[in-house]
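Number of protein chains: 4
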Amino acid sequence: MKLAVTVKMRYDIISSSSVILSILPFKSNKQKVWDEAFQAVPGVTMQEVQAAAGEKRMKIIDVPDAGDITFAFSAKVENEIQAIPSEQLVDVAIPLMPAPVLRYLPPSRYCQSDRLYKFAHHKFGHIPHAFDKVMAVRDWVHENVEYSGGRTNSHTSAFDTITEQVGVCRDFAHLGVALCRALTIPARYFTGYSYQLQPADFHACFEAYLGGHWVLFDATKMVPLNGMAKIATGTDAAETAFASTFGNLHFQEHEVSVKLLDPNFEAVDSTSTTQGYSFF
Amino acid sequence: MKLAVTVKMRYDIISSSSVILSILPFKSNKQKVWDEAFQAVPGVTMQEVQAAAGEKRMKIIDVPDAGDITFAFSAKVENEIQAIPSEQLVDVAIPLMPAPVLRYLPPSRYCQSDRLYKFAHHKFGHIPHAFDKVMAVRDWVHENVEYSGGRTNSHTSAFDTITEQVGVCRDFAHLGVALCRALTIPARYFTGYSYQLQPADFHACFEAYLGGHWVLFDATKMVPLNGMAKIATGTDAAETAFASTFGNLHFQEHEVSVKLLDPNFEAVDSTSTTQGYSFF
Amino acid sequence: MKLAVTVKMRYDIISSSSVILSILPFKSNKQKVWDEAFQAVPGVTMQEVQAAAGEKRMKIIDVPDAGDITFAFSAKVENEIQAIPSEQLVDVAIPLMPAPVLRYLPPSRYCQSDRLYKFAHHKFGHIPHAFDKVMAVRDWVHENVEYSGGRTNSHTSAFDTITEQVGVCRDFAHLGVALCRALTIPARYFTGYSYQLQPADFHACFEAYLGGHWVLFDATKMVPLNGMAKIATGTDAAETAFASTFGNLHFQEHEVSVKLLDPNFEAVDSTSTTQGYSFF
Amino acid sequence: MKLAVTVKMRYDIISSSSVILSILPFKSNKQKVWDEAFQAVPGVTMQEVQAAAGEKRMKIIDVPDAGDITFAFSAKVENEIQAIPSEQLVDVAIPLMPAPVLRYLPPSRYCQSDRLYKFAHHKFGHIPHAFDKVMAVRDWVHENVEYSGGRTNSHTSAFDTITEQVGVCRDFAHLGVALCRALTIPARYFTGYSYQLQPADFHACFEAYLGGHWVLFDATKMVPLNGMAKIATGTDAAETAFASTFGNLHFQEHEVSVKLLDPNFEAVDSTSTTQGYSFF
Chain F
8 MKLAVTVKMR
18 YDIISSSSVI
28 LSILPFKSNK
38 QKVWDEAFQA
48 VPGVTMQEVQ
58 AAAGEKRMKI
68 IDVPDAGDIT
78 FAFSAKVENE
88 IQAIPSEQLV
98 DVAIPLMPAP
108 VLRYLPPSRY
118 CQSDRLYKFA
128 HHKFGHIPHA
138 FDKVMAVRDW
148 VHENVEYSGG
158 RTNSHTSAFD
168 TITEQVGVCR
178 DFAHLGVALC
188 RALTIPARYF
198 TGYSYQLQPA
208 DFHACFEAYL
218 GGHWVLFDAT
228 KMVPLNGMAK
238 IATGTDAAET
248 AFASTFGNLH
258 FQEHEVSVKL
268 LDPNFEAVDS
278 TSTTQGYSFF
Chain D
8 MKLAVTVKMR
18 YDIISSSSVI
28 LSILPFKSNK
38 QKVWDEAFQA
48 VPGVTMQEVQ
58 AAAGEKRMKI
68 IDVPDAGDIT
78 FAFSAKVENE
88 IQAIPSEQLV
98 DVAIPLMPAP
108 VLRYLPPSRY
118 CQSDRLYKFA
128 HHKFGHIPHA
138 FDKVMAVRDW
148 VHENVEYSGG
158 RTNSHTSAFD
168 TITEQVGVCR
178 DFAHLGVALC
188 RALTIPARYF
198 TGYSYQLQPA
208 DFHACFEAYL
218 GGHWVLFDAT
228 KMVPLNGMAK
238 IATGTDAAET
248 AFASTFGNLH
258 FQEHEVSVKL
268 LDPNFEAVDS
278 TSTTQGYSFF
Chain R
8 MKLAVTVKMR
18 YDIISSSSVI
28 LSILPFKSNK
38 QKVWDEAFQA
48 VPGVTMQEVQ
58 AAAGEKRMKI
68 IDVPDAGDIT
78 FAFSAKVENE
88 IQAIPSEQLV
98 DVAIPLMPAP
108 VLRYLPPSRY
118 CQSDRLYKFA
128 HHKFGHIPHA
138 FDKVMAVRDW
148 VHENVEYSGG
158 RTNSHTSAFD
168 TITEQVGVCR
178 DFAHLGVALC
188 RALTIPARYF
198 TGYSYQLQPA
208 DFHACFEAYL
218 GGHWVLFDAT
228 KMVPLNGMAK
238 IATGTDAAET
248 AFASTFGNLH
258 FQEHEVSVKL
268 LDPNFEAVDS
278 TSTTQGYSFF
Chain W
8 MKLAVTVKMR
18 YDIISSSSVI
28 LSILPFKSNK
38 QKVWDEAFQA
48 VPGVTMQEVQ
58 AAAGEKRMKI
68 IDVPDAGDIT
78 FAFSAKVENE
88 IQAIPSEQLV
98 DVAIPLMPAP
108 VLRYLPPSRY
118 CQSDRLYKFA
128 HHKFGHIPHA
138 FDKVMAVRDW
148 VHENVEYSGG
158 RTNSHTSAFD
168 TITEQVGVCR
178 DFAHLGVALC
188 RALTIPARYF
198 TGYSYQLQPA
208 DFHACFEAYL
218 GGHWVLFDAT
228 KMVPLNGMAK
238 IATGTDAAET
248 AFASTFGNLH
258 FQEHEVSVKL
268 LDPNFEAVDS
278 TSTTQGYSFF
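Residue numbers (the numbering used here), protein chains in the order written: chain F, 8 to 287; chain D, 8 to 287; chain R, 8 to 287; chain W, 8 to 287.
Worth double-checking, as some hints may not be accurate.
Intra- or inter-copy, both count: the list cannot distinguish identical chains.
[Unchecked claim] Taking lysine to aspartate or glutamate pairs in the EDC-like style, the calculated list, with each CA pair at most 20 angstroms apart, reads:
1. 125 to 153
2. 9 to 42
3. 83 to 208
4. 130 to 153
5. 228 to 208
6. 228 to 146
7. 130 to 150
8. 130 to 146
9. 125 to 146
10. 9 to 43
11. 15 to 43
12. 66 to 42
13. 83 to 43
14. 34 to 62
Since the hints were derived computationally from the structure, they do not count as laboratory data.
Excised from the complex, chain F in its bound form:
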């Protein structure tokens, strides 16, 4: 699938500040990124850095002067999703998990799986097959959490959402991650650009480690699983924030556009119980 994405972000700088943006599509042998352009107006010093943990590219930007600043980014992305028969998407034993996978088992800031064990086991523990378990997690989150903007904030975590049952894609993904980890299934938070999201914006999903694959799930069920470009994966939104700011500045607005470049794109069936989908 091929997408063209653009982002504009505007800040009001009160005094010398730093901004870290994680909005660049991740580059890997599974995802090609080209025609990238990143511009700040007015111009400032910046560098690009690969995260030390999790998978993301960061623009680290030094903004010395007060005033409005706008960041404009555009790129083209191509990736391919892999369909995997669900019978292969089994539990992986702890001793067979590679070290980079093991770090997605413990609780994190927004995914307090340590407090969700009993809930998760009562609700999903009886389901024998791992893929079915995660599908049931996804469906439970979808059915019980109301999608509604402006009722959660940057402090809201899975422990809140499991009971308060309202939120946006970020909250849906955190709860999916936390429930999987409580079931001893490594899970990570996925951010990306998504075709067909209305209105266009960044999106968040989650991935569960099944049968040796990172399998993608979207508890919001708002977009086709193969219509996304990955920006980052990490433990949760704390590790993959689109923007982190330091200093004295105010966020003003952002604008995202996502255009399909693929005339023959066909959305995969995200409700399929016979196969899962993996990007990376």
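Given the coordinates of chain F, work out where chains D, R and W should sit on it, guided by the hints.
Only chains D, R and W this time, still in chain F's reference frame:
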């Protein structure tokens, strides 16, 4: 400084389980580890793995059979602490932080710095020098939090401790980490063996990134900073748990001993305001 | 049903303190209390006061001197439970609720019904009949929360228990209360002495306001509903604490005994779906 | 002091609902209320009820039909504040507290004093005089909590605010109440109309029980203490909500006006350390 350490941990296995122990001293060119012995009785399959994020060695152990199992570990460790004049221990600008340091800025499971900004800035924001700031954090935690076992548990986080003001070394360290991060000072959780801890046990401290060094602070003030052997550093106790267990088993007991091998050991002055100490 | 109850409570007084005990059986025209004896050794000044809100009697005790003090209480109690056909136990419209009932609708310290609306409505909102709704609440709590001492404390609330799903009678009752209130059913916390509790101790249940009656429910299902003597009802354990202490003192131990005086006592069937039971 | 107050509240009723409004000024021998008019357009059935606990008057309103409904209320109020020399505003011993005062000692939904003991004692425990203690509480809240709308919501409690340090009058008052109770000083939440509040709105303060009086404190320091008309006092906002709604309806907007009828009104000096002020 040279230490000889031993640990015994006993579990009651109900049915086939896995255990990940992070109790091996970290090996680096700053810390030598030798004469290591790790034994399970009865014998089981195990492997040693280096963590993918944070710094720790893991023993990943497969316990197929029900019954009691005892892990016994012993080693000798040598390291040297570095004294750094406090005037060098300055704030590092965001664009100058290496990627492996940047991951110690966001909030984590037990260190919700995102909820502590105002508190941290009211209390410590006026202190101009970064090292003095962290010393003030350490002193505030020491003076306000009562050291008392059994009143916190594995769910207790810095957000609880800042108000409830009671806990053990783990809680002291989490609060130190969270306050530093809220002040835009990267901070990580440090676990180790410690000379002079009464009773002997694992210990936890925190490190702040100052002037390009990871500087060690112990808000409990119970042990000499140069009397420790590092086991792990990570975002918090979720990333550096001494033991993670999966399956059906019960922890029974553990026993730690730490012996000084250094006849001429002299404790550094941890209250010094003119220099900080860095292991690694 | 007739019970003979005794309680002993021992405190270590460090310096002049006050203690409020709410352990006396409530007196009303529905519950007779006689042969009451309350003794402090050594002797101290005390008074008996009726609570201004909620229903409870308080012994307010002034302990001027350091040292051990023991309170010994004994009484005989008789009450009668009323069986009410469940078809009468309907929702009461807000305008028909008396003022003393209305105060059991809002959230309280341990029963944060304001955060449980969606959960309660997803789980129980579809059940048409009010009594059946509360029975379903009771059964859900019973089935999902593990009864286990020492894993919750005096800070644990319904918002914790709904997800962490472990606790004692206090936690079961708080969650029952909170879920009812979230369903716009007034509910209050009930403390009492209970026949057949093993080991003998104080007990906690909850009452829901249905069809104009306060109907008793025990989510622990450990005791016969008609085998209890009411001590207090209130918004939650904050309003009906067995003991509140002020000053410098330590609780040492308590001991409760409950003896049936009724040779022909027959436990009612607490699982009955055709009738509810009301004390008061 | 004499005020004329008006309120308009508008709801969009989706289907048959009930509304309880606690916006009528409290009537007592300390506060005269006259020229009251309460109108609903379109007309509906309503009754006025006095609360069973706490002090408030409730309009309980039955709204059978879908559509917009507007409540309009107006009244005139007169009361007099009493200045009390601060040396009389002492700690009251527990055995001397009347039962209606004792209920303001335990924690409540938004005032979790049970979790604030150590914080309160570290910060304020050394202050010998009770009135000075509460003044210090008021000042600490004022200096550390930023007044800012839209950053807290109806779930925000004192336990959040003590660390997050941002909120509106409701949050300031909850924190004041919780800190007093943690210091064994009974405290209650006060709602009222307030002269000079910009923009005009309902206001919230707190009262501490000192020397046998309910003494008024306003941690926002936004209005003169003698420029208020009391609506309600209670354990916290859960007990004194301006509006509680049941059914399917949406709040649209409200509008408050407060006019001084007293040409010679003189604001008392709320910063005075030599006297406290008590309404009731």
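Right, here's what the structure says about each hint:
{"no.": "1", "hint": "125 to 153", "result": "between (23 angstroms within a copy, 9 angstroms between copies)"}
{"no.": "2", "hint": "9 to 42", "result": "within (13 angstroms within a copy, 56 angstroms between copies)"}
{"no.": "3", "hint": "83 to 208", "result": "within (16 angstroms within a copy, 52 angstroms between copies)"}
{"no.": "4", "hint": "130 to 153", "result": "both (19 angstroms within a copy, 14 angstroms between copies)"}
{"no.": "5", "hint": "228 to 208", "result": "within (15 angstroms within a copy, 42 angstroms between copies)"}
{"no.": "6", "hint": "228 to 146", "result": "within (9 angstroms within a copy, 32 angstroms between copies)"}
{"no.": "7", "hint": "130 to 150", "result": "both (14 angstroms within a copy, 11 angstroms between copies)"}
{"no.": "8", "hint": "130 to 146", "result": "both (12 angstroms within a copy, 15 angstroms between copies)"}
{"no.": "9", "hint": "125 to 146", "result": "both (18 angstroms within a copy, 16 angstroms between copies)"}
{"no.": "10", "hint": "9 to 43", "result": "within (14 angstroms within a copy, 53 angstroms between copies)"}
{"no.": "11", "hint": "15 to 43", "result": "within (14 angstroms within a copy, 55 angstroms between copies)"}
{"no.": "12", "hint": "66 to 42", "result": "within (17 angstroms within a copy, 45 angstroms between copies)"}
{"no.": "13", "hint": "83 to 43", "result": "within (7 angstroms within a copy, 52 angstroms between copies)"}
{"no.": "14", "hint": "34 to 62", "result": "within (9 angstroms within a copy, 26 angstroms between copies)"}
Of the numbered hints listed earlier, not one is contradicted by the structure.
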